[in-house]
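From first to last, the protein sequence lines are chains A and B.
Per the working numbering, numbering through the first sequence is continuous, rising by one, with the last residue being 1720.
Per the working numbering, numbering through the second sequence is continuous, rising by one, with the last residue being 1720.
Misleading hints may appear alongside valid ones.
Copies of the same chain look alike in the list, so a pair counts if it works inside one copy or between any two.
List time: in silico SDA-like cross-link candidates among lysine to any residue, alpha-carbon distance up to 20 Å [what the hints assert, rightly or not]: (1) 1486 x 1497; (2) 1493 x 1504; (3) 1681 x 1698; (4) 1486 x 1562; (5) 1620 x 1537; (6) 1681 x 1406; (7) 1486 x 1504; (8) 1486 x 1688; (9) 1486 x 1564; (10) 1600 x 1512; (11) 1681 x 1442; (12) 1493 x 1454; (13) 1402 x 1668; (14) 1419 x 1483; (15) 1435 x 1603; (16) 1486 x 1632.
Hint data in this document are derived by calculation from the structure and do not stem from the laboratory.
The structure presented is a predicted model; accordingly, all values stated were derived computationally and were not measured.
Protein chains: 2
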Amino acid sequence: MHIMIIGGAGMLGQKLASAILANGEPLTTGCKKLTLVDIVEPDVALIKSGSICEGIEIETITGDFSDGLRLSQIASERPDVIYHLAAVVSGEAEANFDKGYEANVKASWGLLEALRAEHEASLGGYCPRVVFSSSLAVYGPPFPDVVGEEFYLRPASCYGTQKAMVELLVSDYSRRGFIDGISVRLPTIVVRPGRPNAAASSFLSSIIREPLKGEKTILPVSPSSVVWVSSPKVTIENFVRTGLLSAKETAETRVMNLPGLKVSVGEMIDGLKEVGGSELAELIVPETDEVVSKIVLSWPSQFVTERAVQLGLIGDVDFVSIVRQHVEETSAQ
Amino acid sequence: MHIMIIGGAGMLGQKLASAILANGEPLTTGCKKLTLVDIVEPDVALIKSGSICEGIEIETITGDFSDGLRLSQIASERPDVIYHLAAVVSGEAEANFDKGYEANVKASWGLLEALRAEHEASLGGYCPRVVFSSSLAVYGPPFPDVVGEEFYLRPASCYGTQKAMVELLVSDYSRRGFIDGISVRLPTIVVRPGRPNAAASSFLSSIIREPLKGEKTILPVSPSSVVWVSSPKVTIENFVRTGLLSAKETAETRVMNLPGLKVSVGEMIDGLKEVGGSELAELIVPETDEVVSKIVLSWPSQFVTERAVQLGLIGDVDFVSIVRQHVEETSAQ
């Protein structure tokens, strides 16, 4: 099996690559070649660290993914499973209208077209599994308390619009048999390693990550705010499992919300205290940011994810486990 | 006011143009110029017949709407209201994958981009009302008995996918203030004038139209089949009203299902008998077509249309009135 990750240098892309290379993982034992595609060079040494990765060829393709020629090159390798994780993130897609549509819609559509060309060149024999990383931003307010699986798409951002458009394309190209695609909508990933970023959700990682390093951090929302999160490890496991669903399973479910954990910010801080000690909470400085509060309160905090659960996908069991996972991963590095 | 109809040579486009030219219509008295855009030359003489159209300049632009240069030309006229009715129909969009996406998504997107360029060239002063003619094909089975306004988009055809993608674009370009757009999803239009076409719904017009001309016609489905229809006149009236909604109203409702009439095929035939005489039913020859039956039974037969009703849009009151309307219109020609 040849697995390709587009966006292979990103946080999730690198973690997914590591998981695939960990040959002990029973779900991925069939992988013989792993290709990482990104606009920046993926850190292959980091990806390999701690993995067995015997007998797996690793290839990197670095360059602009919206380049038509490169898309043909990518497709001509006829990978069996393609994870499409590359995106211009929400803030940037809103600030730079053209760049967002170019990268998030046109380049994704170009990829599907390149795969369709290979499908046709192979007289229909080539039909890759495509796992498209989508977002709950395809929804928009007002929301019901729990968002059902048949709730309609009304994105309130360029990013959400772009993700919804590509979901539609992935489903239609799959319905026509050119690819075997599935779109998965991710919860907010917590705890992200590294530094804070410009995302409104960034503090959700910072309030755990920084105190564990002994650093102060700001809490811009009320502790009663409720969010929908998933740990990196569970998200990666769900990517792996989605890539290996049967064609019959994806034929019935072309789009799904991944399982998440509904948790209040106060409960998150309790989890931090349980793992790292009560004194860590003192490093979290409440300083309400009305803009961030408004954005976070506009997000739905619970989704029905029955389809995903029926397909064997998993959620985090509690927030304490998510904090422990982060501590284990950072201490291992 | 300058009104433009893209798809101005089609059945609905021509009827809409006639309605706008009928200056007596209080809703459209502000129109000073009407531009008809289509790949074939619109029949201006036919459109003018029976209309007052004093003081309204009529312009036609004939050519391929997917041509970028032409799109810039169209936009550079800065029409106040643009009706976008042009489409490759469902059967053709499914049979010719590339053509469908080119015409139904890329050309529509190109139009929005050309309007955005004018918006920016005018430093934001130009922000036209865009009424996009969408379709209930954005939905896909299985359906609830009544499809609610928050039911999700899961198109089961290329055509439905394409319409859903453009709805998303119209909403996002509107949210960003480049245009003031609204997408309206039409019921099946009955009675269509002219000849039968390749659409699975074609017989719904034929079973009324042909007997009224004394011609035999085939009924391919059971009389108990229930459908969701709208007359040409009511549909046109709804287009006119949608074009004249306030910016506040469209800001709250960027997509809506137009009101329709839920009616069984048997009730349609009863309406024909009431208007034209019982003997006309003998010209309808039952001859079940499994393919057509399956398609028609897969369509939802009732939709919630509260948003449209609140905005003052209307539905047909009963099927007898629809038959009478057809008789009046054909005898007037």
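Hint check results:
| no. | hint | in the structure |
| --- | --- | --- |
| 1 | 1486 x 1497 | both (15 Å within a copy, 16 Å between copies) |
| 2 | 1493 x 1504 | both (16 Å within a copy, 19 Å between copies) |
| 3 | 1681 x 1698 | neither (34 Å within a copy, 29 Å between copies) |
| 4 | 1486 x 1562 | between (29 Å within a copy, 17 Å between copies) |
| 5 | 1620 x 1537 | neither (27 Å within a copy, 33 Å between copies) |
| 6 | 1681 x 1406 | neither (36 Å within a copy, 46 Å between copies) |
| 7 | 1486 x 1504 | between (25 Å within a copy, 16 Å between copies) |
| 8 | 1486 x 1688 | neither (29 Å within a copy, 41 Å between copies) |
| 9 | 1486 x 1564 | between (30 Å within a copy, 18 Å between copies) |
| 10 | 1600 x 1512 | neither (52 Å within a copy, 52 Å between copies) |
| 11 | 1681 x 1442 | neither (50 Å within a copy, 51 Å between copies) |
| 12 | 1493 x 1454 | both (10 Å within a copy, 18 Å between copies) |
| 13 | 1402 x 1668 | neither (29 Å within a copy, 69 Å between copies) |
| 14 | 1419 x 1483 | neither (39 Å within a copy, 37 Å between copies) |
| 15 | 1435 x 1603 | neither (32 Å within a copy, 74 Å between copies) |
| 16 | 1486 x 1632 | neither (33 Å within a copy, 32 Å between copies) |
In summary, the structure is inconsistent with hints 3, 5, 6, 8, 10, 11, 13, 14, 15 and 16 from the numbered list given earlier, while agreeing with the others.
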